[in-house]
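Chemist: Sequence:
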Amino acid sequence: MSEPVQEPDQNQLVAEFVNVTQCSPDEAQELLELSHWNLECRGGEKSGLAVQNPDGAGSSSGRLISNIFRQAQRNQAGGAPKAGDDYSDEDDEFEEDYDDIPGGGSFSGFNRGRKSGKKSNKFTGTGFTLGSDEVPSRTVEDPSSLLKNSRPQRVVRQLTFWKNGFSVEDGPLYRYDDPQNVAHLEAINSGKAPLSLLNVENGQGVDVRIVRKMDENYAPPKKLGGFHGQGNRLGSPVPGDISLSNSASSSTANLSSSSSVSALGTASGTAPASGLGASGDAPVQIRLGDGRALRARFESTGSVQQLYDYVQSAQSSTEARNFVLQTTFPNKELLDREISLKEAGAVGAVVIQKWV
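Per this note's numbering, numbering through the sequence shown is continuous, rising by one, with the last residue being 356.
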């Protein structure tokens, strides 16, 4: 535990704090008492403002930042209004929300005044107009409830104070020596949310969380790079199988180079030489494991075996590999090759080739 600071030392710390921040001695003493007379605790680099030309624009911003920190400190000490209190909906109110903000406090947007005056005696709610035999009854909604429902949702913005300026969320740096940025600080200090700075709409509630990094210079956030690497399409041959990959590439090239599609829907150049799938009363769409989609027609009374024969004849010998055919919606493997297409529910269905 640190030793208590003697009165002469306190006066020296107050004078030094006033010289840096240009605030009043009373304000300086209050802030130093909150920090147990630890001058470095007020943000590093003697509140971080000495480097910002205290005789120029930094003097004004220094006082504003001190006030903002003091309000956040008071909220952290329990002086902020609690959730559920009856505050005016016309303005935002301060809110205590600082649990996950190390070294700082937070406050939120912005008038703290309670509602004054008597409550209105006007009727509010939903009304009904009486109808007649010719005109039906009508419901009249409460205009105030419609307006309340249309109000934008409350948002949270993080305001970080750096050694050389401040930033909002992951946005750019706003320097202390820029008069326009000082105006933003004045608005925040007076309890008003700068719309363009905080990216909010007029009348939208906003909670401002304060993060103090006064001993660090602003560092822009690192940009995340896009995806780099290689992907595999679902249902494609196993990665690393050279023969299958080459086969799939050649079959895809043949499909893209084909200039027409036959009346049966089978890509030109890929129809089985045996003539399977050329006629019948049962249309079936078959999606091969290499990505090709074939359309063919079979006899609905014919067996499921004809689907397997068709798929095998549509693929080259280099693609000889164990597979099973299955329907979609519902997923059902066609393991019984002796039953008819109608019994298997494959008439007009999409059949997928699945490697096993």
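Honestly, the hints are just simulated from the structure, not real lab data. Errors might be hidden in some of the hints.
Dumping the calculated DSSO-like pairs for lysine-lysine here, alpha-carbon to alpha-carbon at most 30 Å [said to hold, decoys possible]:
no., residue 1, residue 2
1, LYS332, LYS354
2, LYS163, LYS192
3, LYS222, LYS163
4, LYS342, LYS354
5, LYS213, LYS223
6, LYS342, LYS332
7, LYS213, LYS163
8, LYS223, LYS163
9, LYS213, LYS192
Chemist: Next, verify each hint and record whether it holds.
Modeler: Results of checking the hints against the structure:
1. LYS332 to LYS354: Between LYS332 and LYS354 the Cα gap is close to 12 Å, so the pair holds against 30 Å.
2. LYS163 to LYS192: Holds: LYS163 and LYS192 sit about 24 Å apart, inside 30 Å.
3. LYS222 to LYS163: holds, 19 Å
4. LYS342 to LYS354: The hint holds at about 21 Å.
5. LYS213 to LYS223: holds, 21 Å
6. LYS342 to LYS332: holds, 14 Å
7. LYS213 to LYS163: holds, 7 Å
8. LYS223 to LYS163: holds, 22 Å
9. LYS213 to LYS192: Holds, at roughly 23 Å.
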